[in-house]
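Novice: Residues per chain are reported as follows:
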Amino acid sequence: MKQREKIIKNIGEIPAIPVSASKAVSLLQDPNRSLPEIIKVIEYDPGITANILKLANSSVYSTGREISSLRDATIRLGASNILQLLISSSFSSIMKTQVKGYDLPSGELWKSSITTAICTDIIKSTLRIELPSYTFTAALLHDIGKIILGSFIDVNASEIIECAVKGNLSFEEAENIILGIDHAEVGAILMEKWNLPEELEKPVRWHHTPEKSENFAMVTGVVHIADALTMMKGVGAGKEGLNYRFSNKVADELGLNINLIETIVFRTQCRYEDLKDTFSS
Amino acid sequence: MLRIVGISEMYISSEPDDIIITYSLGSCIGVSIYDQKLKIGGMVHCMLPLSKIDPNKALEKPCMFTDTGISCLLQNFLNMGSSRANLIIKTAGAASMLDEKNIFKIGERNYTVLKKIMWKNDLQIKAEDVKGTASRTMLLYMNSGKTTIKSGGKEGELI
Numbered sequence: 451m452k453q454r455e456k457i458i459k460n461i462g463e464i465p466a467i468p469v470s471a472s473k474a475v476s477l478l479q480d481p482n483r484s485l486p487e488i489i490k491v492i493e494y495d496p497g498i499t500a501n502i503l504k505l506a507n508s509s510v511y512s513t514g515r516e517i518s519s520l521r522d523a524t525i526r527l528g529a530s531n532i533l534q535l536l537i538s539s540s541f542s543s544i545m546k547t548q549v550k551g552y553d554l555p556s557g558e559l560w561k562s563s564i565t566t567a568i569c570t571d572i573i574k575s576t577l578r579i580e581l582p583s584y585t586f587t588a589a590l591l592h593d594i595g596k597i598i599l600g601s602f603i604d605v606n607a608s609e610i611i612e613c614a615v616k617g618n619l620s621f622e623e624a625e626n627i628i629l630g631i632d633h634a635e636v637g638a639i640l641m642e643k644w645n646l647p648e649e650l651e652k653p654v655r656w657h658h659t660p661e662k663s664e665n666f667a668m669v670t671g672v673v674h675i676a677d678a679l680t681m682m683k684g685v686g687a688g689k690e691g692l693n694y695r696f697s698n699k700v701a702d703e704l705g706l707n708i709n710l711i712e713t714i715v716f717r718t719q720c721r722y723e724d725l726k727d728t729f730s731s
Numbered sequence: 047m048l049r050i051v052g053i054s055e056m057y058i059s060s061e062p063d064d065i066i067i068t069y070s071l072g073s074c075i076g077v078s079i080y081d082q083k084l085k086i087g088g089m090v091h092c093m094l095p096l097s098k099i100d101p102n103k104a105l106e107k108p109c110m111f112t113d114t115g116i117s118c119l120l121q122n123f124l125n126m127g128s129s130r131a132n133l134i135i136k137t138a139g140a141a142s143m144l145d146e147k148n149i150f151k152i153g154e155r156n157y158t159v160l161k162k163i164m165w166k167n168d169l170q171i172k173a174e175d176v177k178g179t180a181s182r183t184m185l186l187y188m189n190s191g192k193t194t195i196k197s198g199g200k201e202g203e204l205i
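Chains as they are written, first to last, in this note's numbering: chain D, 451 to 731; chain H, 47 to 205.
No lab work stands behind these hints: they were computed from the structure.
It should be emphasised that the depicted structure is a prediction, and the values quoted were computed from it without experimental measurement.
Positions of the beta carbon are idealized from the N, C-alpha and C atoms, including for glycine.
Where hints are given, some of them may not hold.
Distance condition first, Cα-Cα at most 30 angstroms in a straight line; then the derived DSBU-like pairs of lysine-lysine [stated by the list, open to error]:
#1 K561/D / K172/H
#2 K616/D / K200/H
#3 K504/D / K107/H
#4 K151/H / K726/D
Residues on chain D that point at chain H, a partial pick, calculated with CB under 7 angstroms [as the list claims (entries may be wrong)]:
#5 F666
#6 G684
#7 A687
#8 A701
Chain D on its own, in the form it takes in the complex (with noise of 0.2 angstroms):
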């Protein structure tokens, strides 16, 4: 068997993620959700609560007045933001592993994921664009395909990368060759497996090449800029470091300059800082 179709057999073999994780995607998605259909969800998970209470009091969202309730913290803290946050703590646990091929230690994948999922955000409010509900889910979830190839299959990026810098080739160019797969693609292939919906399939499979996505999209235009700022601040770069290529048609789209993303950059950072804590427990 080759490489490639021992890799997609080995995804078959990944466990489920929690129901209420996917019924929090679908509701995500859902302009007529309600807020009883919410909690429900939410109550699903016991875990969650402390950690939803612990986000509305916390400096970012407060508003001086303490709150006890879960009714009253979806209200201040908003649907779409309580279903990520549950969404956030149904794959902790997963994306917290060591990612052992990737030269990653645990918890760096997950760091690295909050900071794509915050810096998406930061895009979002710095540009004054339009993303769908869904972009904070998707930029959490992109690299998971690493989680994969570097724990459960344990590939070992070293050969990877040296065929990468004999090449001048990007990390995941140097994947197709060696694998006859990347990371994103392994990535899709999970979440088509979750049953999550192809919208949000789509910036996974494509956040390294968002240009040869089919009906390109501008949330897989910012997961992608959102991913690449924050391996240059050196979060989640294992041994293949920064070797990945940009894409000049998203950020020419975007209007980015270099003022803009430092902004950007700077914003995320300060707002992990404040966010951290409700992410990493």
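Let chain D serve as the given structure and place chain H on it in line with the hints.
Specialist: Structure of chain H alone, referenced to chain D:
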């Protein structure tokens, strides 16, 4: 003891048993200073070149920015009685992604600001491992004053 310098942080030591370390410098810049006479060492990990982006934040966290961070580290040495001639200054980081139009040049700008501060203070960088696409971890061994760089699983002295 291992002393970890996070993003936007600084650490100064005079303990021979300390190893000062900063992990995965991407486009950020790491600077190590060792006073060979007083046997004091320090390291900083700066994220963005210029503090004008938010002067209030720079007061609270000067090491977030290269201009205020390097100056802050330097000032600490001078306050402790270091003379410029005894300072061994080394730097690493300032990497970038593959970016044909060079729009995302945070690394390059961090490096330029560092060079300007060195020039203004009549100081020289003794050794550097900068630019390219590597992610680098920088270490300063206080028992010897040696600075090393770990990258791609290998560690080598920065000389």
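Novice: Determine for every hint whether it applies to the structure shown.
Specialist: Consistency of the hints with the structure:
no.: 1; hint: K561/D / K172/H; result: violated, 34 angstroms
no.: 2; hint: K616/D / K200/H; result: holds, 18 angstroms
no.: 3; hint: K504/D / K107/H; result: holds, 25 angstroms
no.: 4; hint: K151/H / K726/D; result: holds, 27 angstroms
no.: 5; hint: F666; result: violated, 19 angstroms
no.: 6; hint: G684; result: holds, 4 angstroms
no.: 7; hint: A687; result: holds, 4 angstroms
no.: 8; hint: A701; result: holds, 5 angstroms
Hint violations for this structure: numbers 1 and 5, all remaining hints satisfied.
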